[in-house]
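S.K.: Sequence:
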Amino acid sequence: MDPALLKEREKFINRQLAQPTIEKRKSQSSVSKQKSDKQVKSFTATTAASGNKSYNYKLTTGRSKSKFGVLNKIVNYLKDRYQHGENSLLSVDELLDLTQNTDIESADKDWLEKHALVNNEKISFLENKFKFKPKFEIRNRKQLYKFLKKQFINGSGGVYVDDVKESLPNSEAILKNLDDSVIILTRPNDKKQVMYFNDTENKFEISEEFKQLWCSISVDVSEIDIEMYLKNAGMTVMEDSGPIKRKVPPRKNARQNKRSRQFKFTNTHLDKDTLKDYSDLATKSDK
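One gets this note's numbering by counting positions in the sequence shown from 1 and adding 11 to each.
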């Protein structure tokens, strides 16, 4: 490269470095605002990651909450409250305050009070106050035994364990200490647990031979196997004759209908001599 050009380049760089630069100073308010924004972001990130229950919901503003999410929180709160033995009536304002949802819109609050909570099957209301409504009216172990026995006598069968847990306060402790009068079975299709009453008074022993015979009987038999068994035993099988077919009447000839058709004269004001009959010519052309 030309040494003269290199010297010119160095002089240009030195002149640029020698010139003073003016930098706009940031105001103190903007600096403090950036710091506060960073603090708020770090605070929300740490609270969301830790999942702290003591998180103050009133510090954050401008949040958009779903009214169905608020409804779900209220129902779960009333259910948890019922599980701990407390089921007194609460107003909408009290429920929103206890579930930390006081910042919802007035339209959503009106929807909760007049529609959602009133029509919810898990909530009962009285004088604009609400409480949890269990599926079964059972409050202790004694009432649970009585309820299951009533189901057994009426032939209503068992009940889901999930419904019992939802309806029975302190259910975990009670279900762990059940006696022989209750049986819990797991359904193979959906793995749900079903609770039954066990009638210990009418219990009787069954011989092992009878159990083996009962288990050896196959219930997976098709209709063809049943028919073969009946024929081997000398019995006849009723055969289905099938649906009766209706006989369709024979269709009349269209030409005969045309010939026997009688026409109605509408031009009655004309004389008979004026009108001419061409039916003979039409029959000859058909032949």
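Some clues are possibly wrong.
[Unchecked claim] Cβ-Cβ distance ranges computed for the label pairs, FRET-style: (1) 104 <-> 132: 19 to 29 Å; (2) 246 <-> 211: 38 to 48 Å; (3) 225 <-> 176: 47 to 57 Å; (4) 289 <-> 262: 45 to 55 Å; (5) 249 <-> 163: 55 to 65 Å; (6) 78 <-> 196: 34 to 44 Å; (7) 126 <-> 226: 20 to 30 Å; (8) 249 <-> 222: 32 to 42 Å; (9) 109 <-> 215: 52 to 62 Å; (10) 217 <-> 240: 40 to 50 Å; (11) 226 <-> 200: 15 to 25 Å.
Read the hints as simulated data drawn from the structure, not as lab findings.
C-beta: ideal position from N, C-alpha, C; glycine also.
S.K.: A separate judgement is required for each hint: does it hold in the structure or not?
M.R.: The hints, checked one at a time:
| no. | hint | result |
| --- | --- | --- |
| 1 | 104 <-> 132: 19 to 29 Å | holds, 23 Å |
| 2 | 246 <-> 211: 38 to 48 Å | holds, 44 Å |
| 3 | 225 <-> 176: 47 to 57 Å | violated, 34 Å |
| 4 | 289 <-> 262: 45 to 55 Å | violated, 28 Å |
| 5 | 249 <-> 163: 55 to 65 Å | violated, 40 Å |
| 6 | 78 <-> 196: 34 to 44 Å | holds, 40 Å |
| 7 | 126 <-> 226: 20 to 30 Å | violated, 56 Å |
| 8 | 249 <-> 222: 32 to 42 Å | holds, 35 Å |
| 9 | 109 <-> 215: 52 to 62 Å | holds, 54 Å |
| 10 | 217 <-> 240: 40 to 50 Å | violated, 27 Å |
| 11 | 226 <-> 200: 15 to 25 Å | holds, 21 Å |
Of the numbered hints stated above, those contradicted by the structure are hints 3, 4, 5, 7, 10, listed in ascending order.
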